[in-house]
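Novice: Residue-level listing of the chains:
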Amino acid sequence: MKPAELKEKLKPAWPALDVHVHPLDCFGLTKVSSAREDANLLIESARRSGVEKMCLFSLHTTCPREPTVAECIEANDYTLTMRDLEPDVFLPFCYVNPMYPDESAAEIDRCVQGAKMVGIKLWVARRATDPGLDPILEKAVEYNVPVLQHAWIKTTGNLVGESFPADVADLAQRHPKAKIIMAHMNGCGLRGIEDVAHCPNLYLDTSGGDPDSGITETAVAALGPNRVVYGSDAPIRHFGVQLGKTLGTTLPDNVKRDILWNNTARLLPEWAGVDTI
Amino acid sequence: MIIDLNAFTGHWPSHPVTGDLNSVRASLHEYGVDRICVSPLEAAWCRNPHRFNEALYRTAGTFPDVYPVPVLDPTVATWKKELERATRELRVKLVRLLPAYSPYALEAADELLEALVAENLAVIIQTRLEDPRRQHQLAQVPDIPAAEIANTAERHPALTVIIGGARTGEIRGLKDRLLASPNLYADVSQCDGLDAIKVLVEEGLTEKLLFGSHAPLFIPYSALSRVVTDLADEDAAAILGDNAERIITW
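Top to bottom, those sequences are chains Z and S.
Going by the numbering used here, the first residue of the first sequence is number 1, and it counts up by one from there.
Going by the numbering used here, the first residue of the second sequence is number 1, and it counts up by one from there.
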């Protein structure tokens, strides 16, 4: 098969909505000098793989594990700048640190209520069992936006504040009205999928980790076809490599389409303007 | 022509895979892979990895597009006999070393590597089979640094040496050594990140990169996507097969 034929064969039959993307300002092999350049490089690469929209969150240019309130504000302003440059592509999430619950709630008011961000991002400052997350989740319910929570099970040891899947299940049970997306299906692995299967308000993103065979099929079998969503973790990962976790599986076409677009579209607030297909 | 220089067959104890050779072939044929170089996965965990080569020859022998890649271990006393056996298989074009799993330092393989030169065989030396963060708690295997494989290539300038399973950043970090060593190449089976291969091509490494899928552990769609999605057709063709066609004596 020639490369041109192969490109055609790999092209998704449906557009993809990526629920897990960072600016190049945070991660990646390429340094950028402006939000404009950042947006252009991400969009060009995404479109080559068939990704049309991206949920975007900055973890701040220096990626501190315990960011200050000011660093979160700076990160969110960068994300908003990219959204304003390409509003049809970027769906901004608000990054907050549960070490500062009150300030996080205020930042969610600013970014979600005020600037129309469409979700909330939590990383590794505190595990999901920490009560500091509760006011953040209450805001998420109030504004009806999803919360994307990082999780992994690392053989080499999780960071002190890094959530395990069971921690995220605990969060989902504490806040049954919240819509929680647990990041990193492959990082959570075959064990982590089982840890969260019983939480109907918990969704799993396919981002991060290697494109191991069989995991997405296992996740769909355990969680159902509507609780798995496509994410890449670009620019740490490659859009197309991560798309393979959906398109390169034995799942039926309607399930692939839902993972790539509809399941995330249903989680986003109305003002995101993302319809199901 | 698409040549997969880094595929496997068999079972992996910490993660279930559909690894029978028929299934691996079918999964790669779906994306047009014409030639498949396979090693037995079980060899990684056997105290004598040679034990799986004979079965590999038998199974691979039934498929004209499959090239067995035996695993050799220089710390097993009978490696010379095992190499001699490999040379009787017409479709053995390269052998694989898994130094992280035996384990041994690559210097221990120097005599074996010189013997490969005499037999006109190439070698693929694997940096990793599995992300250390995702390995079984009681079976943790650290990566072999790609730089150590570059050192090995420099000690054996007449041997074609392929770095197996290095990540994009590692390959990029070896740019100057890859360009300076005519016998050193890298497979791209574990490259990831935005424009993972494009950034290497832009560094001038097109001729040094070889397609590998890491199937059945990894999904073939992903392997092909990382190469063709971001590249001009001629660069993609070089990495997918033209380079392997040129450097291996088929």
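Worth flagging that the hints you see were computed from the coordinates, not collected in a lab.
Only a predicted model underlies this, so the values are computations on that prediction, with no experimental measurement involved.
We put the beta carbon where it would ideally sit given N, CA and C, even for glycine.
Where hints are given, some of them may not hold.
Said to hold, decoys possible - Quick look at which bits of chain S chain Z covers, simulated, 3 or more residues with Cβ under 8 Å:
| id | segment |
| --- | --- |
| 1 | 2-16 |
| 2 | 64-75 |
| 3 | 119-133 |
| 4 | 153-161 |
| 5 | 194-205 |
| 6 | 235-249 |
Novice: Each hint needs a verdict: does it hold in this structure or not?
Specialist: How the hints compare with the structure:
{"no.": "1", "hint": "2-16", "in the structure": "holds (count 3)"}
{"no.": "2", "hint": "64-75", "in the structure": "violated (count 0)"}
{"no.": "3", "hint": "119-133", "in the structure": "holds (count 3)"}
{"no.": "4", "hint": "153-161", "in the structure": "violated (count 0)"}
{"no.": "5", "hint": "194-205", "in the structure": "holds (count 4)"}
{"no.": "6", "hint": "235-249", "in the structure": "holds (count 3)"}
The earlier numbered hints that this structure contradicts are 2, 4.
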